[in-house]
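Top to bottom, those sequences are chains Y and Z. By the count of the working numbering, the first sequence reaches residue 347 at its end, each step adding exactly one. By the count of the working numbering, the second sequence reaches residue 667 at its end, each step adding exactly one.
It is possible that part of the hints are untrue.
[What the hints assert, rightly or not] Partial list, derived from the structure: chain Z residues whose beta carbon lies under 8 Å from chain Y:
#1 Val426
#2 Leu429
#3 Ser432
#4 Glu440
#5 Gln535
#6 Ala541
#7 Arg578
#8 Leu579
#9 Gly580
#10 Glu583
#11 Ala654
[As the list claims (entries may be wrong)] Below are the BS3-like pairs computed for lysine-lysine, each with C-alpha atoms no more than 30 Å apart in a straight line:
#12 Z:Lys606 <-> Y:Lys238
#13 Z:Lys642 <-> Y:Lys339
#14 Z:Lys462 <-> Y:Lys301
#15 Z:Lys462 <-> Y:Lys216
#16 Z:Lys462 <-> Y:Lys311
#17 Z:Lys642 <-> Y:Lys249
#18 Z:Lys414 <-> Z:Lys480
#19 Y:Lys224 <-> Z:Lys414
#20 Z:Lys462 <-> Y:Lys238
#21 Z:Lys480 <-> Z:Lys462
#22 Y:Lys249 <-> Y:Lys216
#23 Z:Lys414 <-> Y:Lys301
#24 Z:Lys642 <-> Y:Lys281
#25 Y:Lys301 <-> Y:Lys249
#26 Y:Lys311 <-> Z:Lys414
#27 Y:Lys281 <-> Z:Lys636
#28 Y:Lys216 <-> Y:Lys281
#29 Y:Lys311 <-> Z:Lys633
#30 Y:Lys301 <-> Z:Lys642
[What the hints assert, rightly or not] Here are the simulated distance ranges between beta carbons:
#31 Z:Asp433 <-> Y:Asp328: 31 to 37 Å
#32 Y:Gly304 <-> Z:Pro647: 50 to 56 Å
#33 Z:Arg600 <-> Y:Gly304: 52 to 58 Å
#34 Z:Arg600 <-> Y:Glu245: 23 to 29 Å
#35 Y:Glu169 <-> Z:Val430: 34 to 40 Å
#36 Y:Ser90 <-> Z:Asp492: 55 to 61 Å
#37 Y:Asp219 <-> Z:Glu583: 30 to 36 Å
#38 Z:Leu608 <-> Y:Gly34: 56 to 62 Å
#39 Y:Arg341 <-> Z:Arg578: 35 to 41 Å
Hints were generated in silico from the structure; no laboratory data involved. No residue lacks a Cβ here, since even glycine has one placed at the ideal position from N, Cα and C.
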Amino acid sequence: MIPREVVVVAEHVGGLLTDVTLEILAGAYEMARSVGWRVTCLILAEDPKPFQALPLAADRVVVVTDPLLGSPNPAAYARVLPHVVKDLSARLVVLGNTSLGIDLAGALSHDLGAPVVSGCVGLRAEGDRIIATSRLCGGKLLAQVEPPGELGIVLVMPGTFHRELGMRDAVPPLDIRSSPVPLDNLPVRFVELQEPKMGDVDVTKASVLIAAGRGVQSKENLVLLEALAKELGGAVCATRPVVDQGWLPRTRQVGRSGMTVKPRLYLALGVSGAPEHTEGMKASGLIVAVNKDPDAPIFDVAHYGATADLLELVPVLTEKIREAKGTQ
Amino acid sequence: MKIAVVLRQVPDVVEELVISDDGRSLSEDDVMYLTNEADDHALEEALVLKARAGAQVTAVSAGGDEAKEALATAVAKGADEAIHVAVPFEHRGDNARLASVLGPMMKSAGYDLILTGVWAADQMDAGLAGGLATQLSLPYVGGLVSMSLDPNGAHAVVRKEFPGGRLGVLEVSLPAVFGIQSAEQPPRYVPVSKVLAAKKALRVREQGEPPAVAAGVRASKLVKSGSEAKAEMLPGAVPQVAEAIVRILRERGIA
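Chain Y extracted, bound-state conformation (with noise of 0.2 Å):
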């Protein structure tokens, strides 16, 4: 029988492939292994060298080129991938839950009439079954979804597989094709990828990250938070909903399509921990959740908790820290 094939969509910036494609590789490697099924990496770009001997965690990578195939331009990449996939007689297609996975996922949907699982955290093969675990309810449901038909479509959330086994020793063998159709009249032209300007306070190199969930309430508030980060040298970041309040500047998000960090401490308050919101922040050091609602997703990366109103805890844990440095 010929094995079944799992093709990954890639995604890259600047040559370099993203964090999440090596993640979604070690995840599908990972399955496809477990029922002795291939996997590809699919790569678009407009210039296959950069890709030429990476040694991924794949059966083999296959390299789509054209000139538009250099930016991420979902447009373009929705009128390619179709006829590759096809080409490779796919059984499953991964994706990053990113920008531009989300993007693709209506389009490849319907132009394969295959089913799309988006948000999952867990991904496994059972004999010819596909069973993926996709993550709801800001992250506070879980439900198992079997993808029916003979191609399934899914999304991976960033963070869910280890990036360090995207890569293996071996560089896989590469095939190098052009693009199966033309990419002119695209009804979507990418213009520019604009880096961030960074202001003041640039969080991803802060030791302490003070973060400023919903729970805040108003951007008075902040002021609280400003104190207890400048108690422990650290600075204020924030969640996405308090950056769209205006209460603080989009550089200071963490998450999904803001800011990853890494701090020696992390101290969420009134974070709801929304799965777009903890991929940019679990990788840090020490992680202490305050909440008012004891179900928050929060506490399930934090590793540590107090169920309490941030309001009233922040000026005495200041308070606390000051008299703690006092006694030194």
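Could you slot chain Z onto chain Y? The hints should help.
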């Protein structure tokens, strides 16, 4: 310029979520709904565009009776037209089905822009916006944080979030479907009195029953996460918790 905004009702995750006896869905009696946060941002973005260049904004709200409340709020905020699409409880969160319901209606209405949230809280499928775009054979880009339209309405220049704080700038031919991540400004607040007034005067158009379509993906099992909670919980009232945190930080040389 005609803009449609799709608002979905999703479970409020601040409330207790109860799994029903079938072990694969939420208990209908216990779910509290609220408008999907990203959809709320999509409405705000539509209203921003309307204020900037003039537009007719149609709010399309999918769900049960609570979805009609969302329409009153949308009209109070500045939407010009309200359409309700009834979605039976068992089909909540099925974006493939919702796209197939909305597609034909939207095709005939001839919107220049269709906005909705890039993500819904109860989503486990391919999502609504991308599915709608394929139904309508329109271009789709999601994860947007701002957009500007050229004066003759032929193109939009959109800003799309990428990981690491990067922003992609893309030019998209209109009409198009966009998945909004967050609006250029926080969703506006509207006083309850205005919502009540809008509710009284509200003229809601009902969208008829959808054609039968294959359902999207379905959960074979639904469980609450967190049972494997890892955090060691610090007991006591505020002073005890503060002391415990200070002790932990001092042990690690952080404070």
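Point to revise | Hints not upheld, ascending by number | key: 3, 4, 14, 16, 19, 23, 26, 32, 33, 36
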